[in-house]
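Enquirer: Listed below, chain by chain, are the residues.
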Amino acid sequence: MTTLITKLGPDLEGLFNIFDIDYFKLVREPVGGSRIPKADIAFVEGAVVTNLDRERLLEIRKNSSFVVALGTCASSGNIAYTASRGVDLKGKRLRDVEISEAEPISSVITVDYELSGCPVSGEEFTDALLRLVNGIEPVQPDFSVCYECKMKGNDCLLEKKKVCLGPLAMGGCGAACTSVGAACYSCRGPASEADLDAYLKTIEKKGIDKKRALMLLHMFMGKKAKEVLKNEQ
Amino acid sequence: MSSKEVIIDTGELRFIEGHGRLTVKVSGKDIVAEFHNLEGPRFLTKYLRGKPAEMAPRVASRICGLCYTVHSISAAEAVERALGIKVSKEVRELRDVLYLANNLRSHMMHLLYLSIPPIEGLISVLRMRNKDVFRVGSRLLAKATELIEIWGGRSVHVPNVVVGGFGAPIRGKELLSSVKDLAGLLEDAQGFVRYAMDLELPELERYRVLAASKKAGTYPIYSEDATVALSDGSILNNQEYYEGLEEVTKDYSTSKHVYFKATEITVGALSRMMLNRRYLSFGARNLAEEVEWSINPFLVVKAQAIEVIHYMEELIRLGGELADVIMEPEKPVICNSIDLDAVECAYSGGKGKGIFVAEAPRGTLCHSCEVEDGLIKDYRVYTPTAVNSKSIEMDAVELVKRFRPIGMEKLRFILEDLVRSYDPCLSCAVSLDVYG
Numbered sequence: 001m002t003t004l005i006t007k008l009g010p011d012l013e014g015l016f017n018i019f020d021i022d023y024f025k026l027v028r029e030p031v032g033g034s035r036i037p038k039a040d041i042a043f044v045e046g047a048v049v050t051n052l053d054r055e056r057l058l059e060i061r062k063n064s065s066f067v068v069a070l071g072t073c074a075s076s077g078n079i080a081y082t083a084s085r086g087v088d089l090k091g092k093r094l095r096d097v098e099i100s101e102a103e104p105i106s107s108v109i110t111v112d113y114e115l116s117g118c119p120v121s122g123e124e125f126t127d128a129l130l131r132l133v134n135g136i137e138p139v140q141p142d143f144s145v146c147y148e149c150k151m152k153g154n155d156c157l158l159e160k161k162k163v164c165l166g167p168l169a170m171g172g173c174g175a176a177c178t179s180v181g182a183a184c185y186s187c188r189g190p191a192s193e194a195d196l197d198a199y200l201k202t203i204e205k206k207g208i209d210k211k212r213a214l215m216l217l218h219m220f221m222g223k224k225a226k227e228v229l230k231n232e233q
Numbered sequence: 001m002s003s004k005e006v007i008i009d010t011g012e013l014r015f016i017e018g019h020g021r022l023t024v025k026v027s028g029k030d031i032v033a034e035f036h037n038l039e040g041p042r043f044l045t046k047y048l049r050g051k052p053a054e055m056a057p058r059v060a061s062r063i064c065g066l067c068y069t070v071h072s073i074s075a076a077e078a079v080e081r082a083l084g085i086k087v088s089k090e091v092r093e094l095r096d097v098l099y100l101a102n103n104l105r106s107h108m109m110h111l112l113y114l115s116i117p118p119i120e121g122l123i124s125v126l127r128m129r130n131k132d133v134f135r136v137g138s139r140l141l142a143k144a145t146e147l148i149e150i151w152g153g154r155s156v157h158v159p160n161v162v163v164g165g166f167g168a169p170i171r172g173k174e175l176l177s178s179v180k181d182l183a184g185l186l187e188d189a190q191g192f193v194r195y196a197m198d199l200e201l202p203e204l205e206r207y208r209v210l211a212a213s214k215k216a217g218t219y220p221i222y223s224e225d226a227t228v229a230l231s232d233g234s235i236l237n238n239q240e241y242y243e244g245l246e247e248v249t250k251d252y253s254t255s256k257h258v259y260f261k262a263t264e265i266t267v268g269a270l271s272r273m274m275l276n277r278r279y280l281s282f283g284a285r286n287l288a289e290e291v292e293w294s295i296n297p298f299l300v301v302k303a304q305a306i307e308v309i310h311y312m313e314e315l316i317r318l319g320g321e322l323a324d325v326i327m328e329p330e331k332p333v334i335c336n337s338i339d340l341d342a343v344e345c346a347y348s349g350g351k352g353k354g355i356f357v358a359e360a361p362r363g364t365l366c367h368s369c370e371v372e373d374g375l376i377k378d379y380r381v382y383t384p385t386a387v388n389s390k391s392i393e394m395d396a397v398e399l400v401k402r403f404r405p406i407g408m409e410k411l412r413f414i415l416e417d418l419v420r421s422y423d424p425c426l427s428c429a430v431s432l433d434v435y436g
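Those protein sequences? They're chains A and B, same order as listed.
FYI, this note's numbering numbers position 116 of the first sequence as 116, with every residue one higher than the one before it.
FYI, this note's numbering numbers position 18 of the second sequence as 18, with every residue one higher than the one before it.
Don't read these hints as lab results, they were simulated from the structure.
Mixed in with the good hints there might be a few duds.
[Claimed, not checked] FRET-style restraints, in silico, Cβ to Cβ:
#1 B/D9 to A/N134: 57 to 63 Å
#2 A/G14 to B/I406: 46 to 52 Å
#3 A/K230 to B/L201: 56 to 62 Å
#4 B/R317 to A/E204: 47 to 53 Å
#5 A/S192 to B/E187: 49 to 55 Å
#6 B/P202 to A/I18: 49 to 55 Å
#7 A/D22 to B/E5: 31 to 37 Å
#8 B/K353 to A/A198: 55 to 61 Å
#9 A/D22 to B/G191: 46 to 52 Å
#10 B/E5 to A/S192: 27 to 33 Å
Predicted model only: the values in this text are computed from it and were never measured.
Just so it is clear, CB atoms sit at the ideal spot from N, CA and C, and this is done for glycine as well.
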């Protein structure tokens, strides 16, 4: 949401002129106080960790026609998904808050569309919003990070024998990390064309540590790592 | 003993980063305030355990959507200290620019969107009567974000900060033009700051020990060898400060309170102003002289506004210096004196402990890590909001004691302003580990 605020800047006013925005915590006082307002479209951020998150989420689903999971925490559970597994959370109850393992919001409610990314891209957000109000279904990028990385003319990190998840990762970020020489951690989840077997063969041929690649795969993909790792331990 | 009666419950706090609430209870003559953090724990430091040390900046960045740069730089520094990696002066200067840009961005966000509108009784910044304030403010916010984008490789969760230095070279031309634009905005910014300086704020002075980074002759934000000064006169190095910090769990909040040697300390823009204001940049120092400073948390708004000017002037100065010293325009700077392969060696070996303390927008931030065989053994983050939580509660009690006669309904709103004046970030403060 902060991305959105800074990207739109003074144009934020325009957004509020076009849409009735009842809940946007950083920009306005929520309509109806802490109650969840009725909405045509709800953008939901964050993973589900506490009982309060769960209750709020169910309320959002009940009150909204279309729910978008905004950001990787909401769409895959992000780092917290992996990090909270296997932790003894019994008895981790506070007075009002009960803590459980982190889940993407799709584990609790039906999600109509996922807009992944850590961070989310401002352009993708406005694009999805425009499509939705015009009754067109938004589409996720159907290319991998490698595609964008090649377009930018970057040197391939795999060629330099470094772990990079580019071939498996959903694009749309403009290859931000690999363009500054850092590995892709696949923060937007798996690409539709992700082929794990081919990827593992490739890195094996290049002599890249497979264990490390799999560890990185779990980092941001959270629950979605399962999709990619169907046949892999 | 009669049970405690809740006299004020703010419900979900408005205009705040994250979900939280504040309640004030009375039992007999005692007044107790509870600052509830209702965010879910992040498990980020738990995740880092057993992971390669160079992953720390990436993971730490995800602590917050506002001051990610600060967290990733602090993480890189903590790991570098643990492994004994020395970075070049140029890398330090580049990080300094990023750090300042981040603080500028965070302050603008807080002042413009979160703190000023409710002080004026508005439901949104978009309702401000003076439209210029909003326009100038959002331009500044956009500018700060642009600086982060150019220098950090992306506007949010910058990938360019890596253990050992910078990921990619920065082009001199981009740098020069971005700093030149900033100079052009300085006059407009003065107008914005003037607006914040003229706000009428409640008086609520209460003594407590303040803490901020200290370095002779400077107003330290991010600095290699700054110490931490307390307002009681003590000067501590990073290690001593870290050792004094202790985390206390509360059964009503998902964030821990952080005490220093079992007592309350307050960090943030006001603490910096109280301890270091004579070393502000020229324009900011003039503004700071207008204010009668006291330990009144409501003054944080003014302190932040003054810091906005300081950050801008510092950025302009640093940009000029960097341009003069290390780069010719048009040519990319070879600032990655590191090569990533050398850093990745840390993966296969290297051990040690590292502590890094710096001034994040909301106050003194401490990252510490322990590395063994290139893997992180223990990682801790002490955020300013966790440090300030105790002060927020104590000030709430003080406020209720003094202003009780005006009635709870009105008091509720002042209480919310009080919490907001600390600029708390509940997403940062929430326990990063397993709670409890």
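Enquirer: A separate judgement is required for each hint: does it hold in the structure or not?
Expert: Structure-based check of each hint:
1. Distance hint check: the CB atoms of B/D9 and A/N134 are about 43 Å apart, inconsistent with the given range 57 to 63 Å.
2. Checked against the given bound of 46 to 52 Å, the beta carbons of A/G14 and B/I406, roughly 39 Å apart, lie outside it.
3. A/K230 and B/L201 have their C-beta atoms about 59 Å apart, which keeps the hinted 56 to 62 Å range intact.
4. Taken as a hint, the range 47 to 53 Å holds for the pair B/R317 and A/E204, whose Cβ atoms sit roughly 51 Å apart.
5. Range check, A/S192 to B/E187: Cβ separation about 50 Å, and the 49 to 55 Å hint holds.
6. Taking the beta carbon of each, B/P202 and A/I18 are about 37 Å apart, not inside 49 to 55 Å as hinted.
7. Against the hinted window of 31 to 37 Å, the Cβ-Cβ separation of A/D22 and B/E5 comes to about 33 Å, which satisfies the hint.
8. The hint said 55 to 61 Å for the Cβ distance between B/K353 and A/A198, and at roughly 42 Å that hint is violated.
9. Taken as a hint, the range 46 to 52 Å is violated for the pair A/D22 and B/G191, whose Cβ atoms sit roughly 32 Å apart.
10. Range check, B/E5 to A/S192: about 58 Å between beta-carbon atoms, so the 27 to 33 Å window is missed.
Hint violations for this structure: numbers 1, 2, 6, 8, 9, 10, all remaining hints satisfied.
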